[in-house]
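Protein chains: 2
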Amino acid sequence: MKKIVTVEATPNIAVVKYWGKRDESLILPTNSSISMTVDSLKTRTSVMFDPSLKKDEFWLNGKKVDLDKNPEAKERLKQLEVIRKRARITHHARIVSINGFPTAAGFASSASGLAALAVAASKAAGLKLDTKQLSILARLGSGSASRSVMGGFVEWQKGEKADGSDSHAIQLANHQHWPQMRLVSAVVNAGKKKLSSRAGMKQTIATSALYRARLEHHLPKVVPEMRRAIAHKDFATFADITMRESNSLHSVMADTWPPIHYMNDASREIVALVHELNEKAGHTIAAYTFDAGPNAHIYTLAQNVDKVKRMLKQVKAVKKVVVSKPGPGPVELTKPTDHLIDPETGRVRKHSFNEKRQEIIVRR
Amino acid sequence: MKKIVTVEATPNIAVVKYWGKRDESLILPTNSSISMTVDSLKTRTSVMFDPSLKKDEFWLNGKKVDLDKNPEAKERLKQLEVIRKRARITHHARIVSINGFPTAAGFASSASGLAALAVAASKAAGLKLDTKQLSILARLGSGSASRSVMGGFVEWQKGEKADGSDSHAIQLANHQHWPQMRLVSAVVNAGKKKLSSRAGMKQTIATSALYRARLEHHLPKVVPEMRRAIAHKDFATFADITMRESNSLHSVMADTWPPIHYMNDASREIVALVHELNEKAGHTIAAYTFDAGPNAHIYTLAQNVDKVKRMLKQVKAVKKVVVSKPGPGPVELTKPTDHLIDPETGRVRKHSFNEKRQEIIVRR
Numbered sequence: 046m047k048k049i050v051t052v053e054a055t056p057n058i059a060v061v062k063y064w065g066k067r068d069e070s071l072i073l074p075t076n077s078s079i080s081m082t083v084d085s086l087k088t089r090t091s092v093m094f095d096p097s098l099k100k101d102e103f104w105l106n107g108k109k110v111d112l113d114k115n116p117e118a119k120e121r122l123k124q125l126e127v128i129r130k131r132a133r134i135t136h137h138a139r140i141v142s143i144n145g146f147p148t149a150a151g152f153a154s155s156a157s158g159l160a161a162l163a164v165a166a167s168k169a170a171g172l173k174l175d176t177k178q179l180s181i182l183a184r185l186g187s188g189s190a191s192r193s194v195m196g197g198f199v200e201w202q203k204g205e206k207a208d209g210s211d212s213h214a215i216q217l218a219n220h221q222h223w224p225q226m227r228l229v230s231a232v233v234n235a236g237k238k239k240l241s242s243r244a245g246m247k248q249t250i251a252t253s254a255l256y257r258a259r260l261e262h263h264l265p266k267v268v269p270e271m272r273r274a275i276a277h278k279d280f281a282t283f284a285d286i287t288m289r290e291s292n293s294l295h296s297v298m299a300d301t302w303p304p305i306h307y308m309n310d311a312s313r314e315i316v317a318l319v320h321e322l323n324e325k326a327g328h329t330i331a332a333y334t335f336d337a338g339p340n341a342h343i344y345t346l347a348q349n350v351d352k353v354k355r356m357l358k359q360v361k362a363v364k365k366v367v368v369s370k371p372g373p374g375p376v377e378l379t380k381p382t383d384h385l386i387d388p389e390t391g392r393v394r395k396h397s398f399n400e401k402r403q404e405i406i407v408r409r
Numbered sequence: 046m047k048k049i050v051t052v053e054a055t056p057n058i059a060v061v062k063y064w065g066k067r068d069e070s071l072i073l074p075t076n077s078s079i080s081m082t083v084d085s086l087k088t089r090t091s092v093m094f095d096p097s098l099k100k101d102e103f104w105l106n107g108k109k110v111d112l113d114k115n116p117e118a119k120e121r122l123k124q125l126e127v128i129r130k131r132a133r134i135t136h137h138a139r140i141v142s143i144n145g146f147p148t149a150a151g152f153a154s155s156a157s158g159l160a161a162l163a164v165a166a167s168k169a170a171g172l173k174l175d176t177k178q179l180s181i182l183a184r185l186g187s188g189s190a191s192r193s194v195m196g197g198f199v200e201w202q203k204g205e206k207a208d209g210s211d212s213h214a215i216q217l218a219n220h221q222h223w224p225q226m227r228l229v230s231a232v233v234n235a236g237k238k239k240l241s242s243r244a245g246m247k248q249t250i251a252t253s254a255l256y257r258a259r260l261e262h263h264l265p266k267v268v269p270e271m272r273r274a275i276a277h278k279d280f281a282t283f284a285d286i287t288m289r290e291s292n293s294l295h296s297v298m299a300d301t302w303p304p305i306h307y308m309n310d311a312s313r314e315i316v317a318l319v320h321e322l323n324e325k326a327g328h329t330i331a332a333y334t335f336d337a338g339p340n341a342h343i344y345t346l347a348q349n350v351d352k353v354k355r356m357l358k359q360v361k362a363v364k365k366v367v368v369s370k371p372g373p374g375p376v377e378l379t380k381p382t383d384h385l386i387d388p389e390t391g392r393v394r395k396h397s398f399n400e401k402r403q404e405i406i407v408r409r
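Chains as they are written, first to last, in this note's numbering: chain A, 46 to 409; chain B, 46 to 409.
Just chain A, same shape as in the assembly:
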């Protein structure tokens, strides 16, 4: 029997954004960020370290990724080296990962994928790590993944040290703290292929005259305010900061040279509709936020989800809506039939995402 560890993790949607690194290689951010880990859009990852493997092997959504020809994917998996070193093992790993949502939906899966990998791979290597250590591992592949190793509301503290040992997430509140919280995500038709956020944030730091103001004046005020809003379940403040923060981020993107535009006319239509909705309600009941793409993520409370959904129906370019709650963070699946790798043979099992049943199917 082979030792297989299988973990499911979910994305997080930031309300105080991460945009800019002070260290490109270690992925150390210029500012602390805050997000909510959601309960939907799971990525499942199975990991096996095995002496029979000649090199690391990575399967994504049923297809083997040639790591020699894909240096970007290899770079994202660099936590494997850290894990092997710490566990004092030399075996290579078989990593099998699948997203429990259609890839075409336009949801990013790097945060959920690399958080699942950190939890699964460290355990498969025999390590027992706490969430801070897991956060640092996940961070090495993707900054925002550092926040997906925990559930509920999470702050990625930027840290000060050059080695990144204090740049990790902490949980501000678990997923049961604010049970009424909802995230309504609207998938918007995207146009041309976008610039990667990795390249984009590098450009912003190098060229935007307004970025420094965001970093020095805006963010230091916003982070403690957001912590308080979450602690007190103060939705109006939470929403206000979330929207202004998204606006600030996309402003410095537009001030970048050449300018970066991730939002499109449909995104901006949703922005205007959310402001209208809040005005009509007489108080703030919904807050938009946008990442490196046109999809709108709208935070609201359970009692207002239907209003937000109705609002989104007016926007022609919205092709799918997903409602999430605060999620618990990564969960290990211990039922042997859930593994994407066969524990008896060590081979990759046939597996797929069934869109109709919204389920990951694993063949024995």
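Be aware that one or more of the hints could be misleading.
Repeated chains share a single entry, so a pair holds when one copy, or any two copies, can fit it.
As the list claims (entries may be wrong) - As a list, the in silico EDC-like pairs of lysine to aspartate or glutamate whose alpha-carbon atoms are at most 20 Å apart:
#1 K239 with E324
#2 K203 with D175
#3 K119 with D95
#4 K239 with E321
Simulated from the structure, these hints should not be mistaken for lab results.
Since chain A is already given, all that's left is putting chain B on it; use the hints.
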């Protein structure tokens, strides 16, 4: 015979933008701005002061505007009070104004209109004013109009005094200084009605955290650099500043609360195409700039106009393209048949804009 003065003036397109007032009533700006006055898109205005008039009368594009019911239009004409006071007259004025371009084209006419009014009305009242004084008069109705009282390249110096007496335009170079310069303006289909720039800039000052950085760090550097670029006819620098400056402006607009978006997907498509065009050319041959609307204004040199036009043909939403040169500024029309008011009767003549002939037609 009545004394009629008729003047034609043209718009200007800023390369260092005006966005923000330090005095709302006197229209004093927070920063100096620089523009080129173009030779096309003329507004013709005839003015007559006459004792027979019971109140000021304003005709725009063939229709009488009821100033009692339109306080905004009345506010824009407040230079009339200043002129009467200075000329020591009490007569009311008949003002007849028509745009020599289709109103639906989406070109703003407040700069050309109020510059034409300042020149025509002051002369009709018997005043002999220099361009600085005319600039201050025009400014009272619309900030950007202060730059249209002069031709070529113009700087509106923000001034320091509380009474606005030092807040006026100066000519950096006349319209013959850089004869190769062209402005290719692309009219883009607009969506919903936009926020007025007057209201928008007020909101930006009040709410944008990034605006201060623009004002304190970005603009003080950009203004002298742009002066130098114009003096040396250094197109690459001129273009670079123009584009970054437009990006900076639209960034602080997006950082405003609630956010202001004048550019749309077609505008951003043009931005990307201009960057592509420059990259392909190996050096900067075109520079986009956007004001309070989705229309793109592209500065280029005569030899590259065709390339820019070809580029714009790729953008489906572009419905009209106008090419302009540096213009001479306001011009008085002394031929009696050009007046929009009949000098014999003092009555408004029948007049219209003939789109086919691109000409203002005045019936005798």
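Now the hints, each set against the structure:
| no. | hint | in the structure |
| --- | --- | --- |
| 1 | K239 with E324 | between (33 Å within a copy, 18 Å between copies) |
| 2 | K203 with D175 | within (18 Å within a copy, 59 Å between copies) |
| 3 | K119 with D95 | within (18 Å within a copy, 82 Å between copies) |
| 4 | K239 with E321 | between (29 Å within a copy, 15 Å between copies) |
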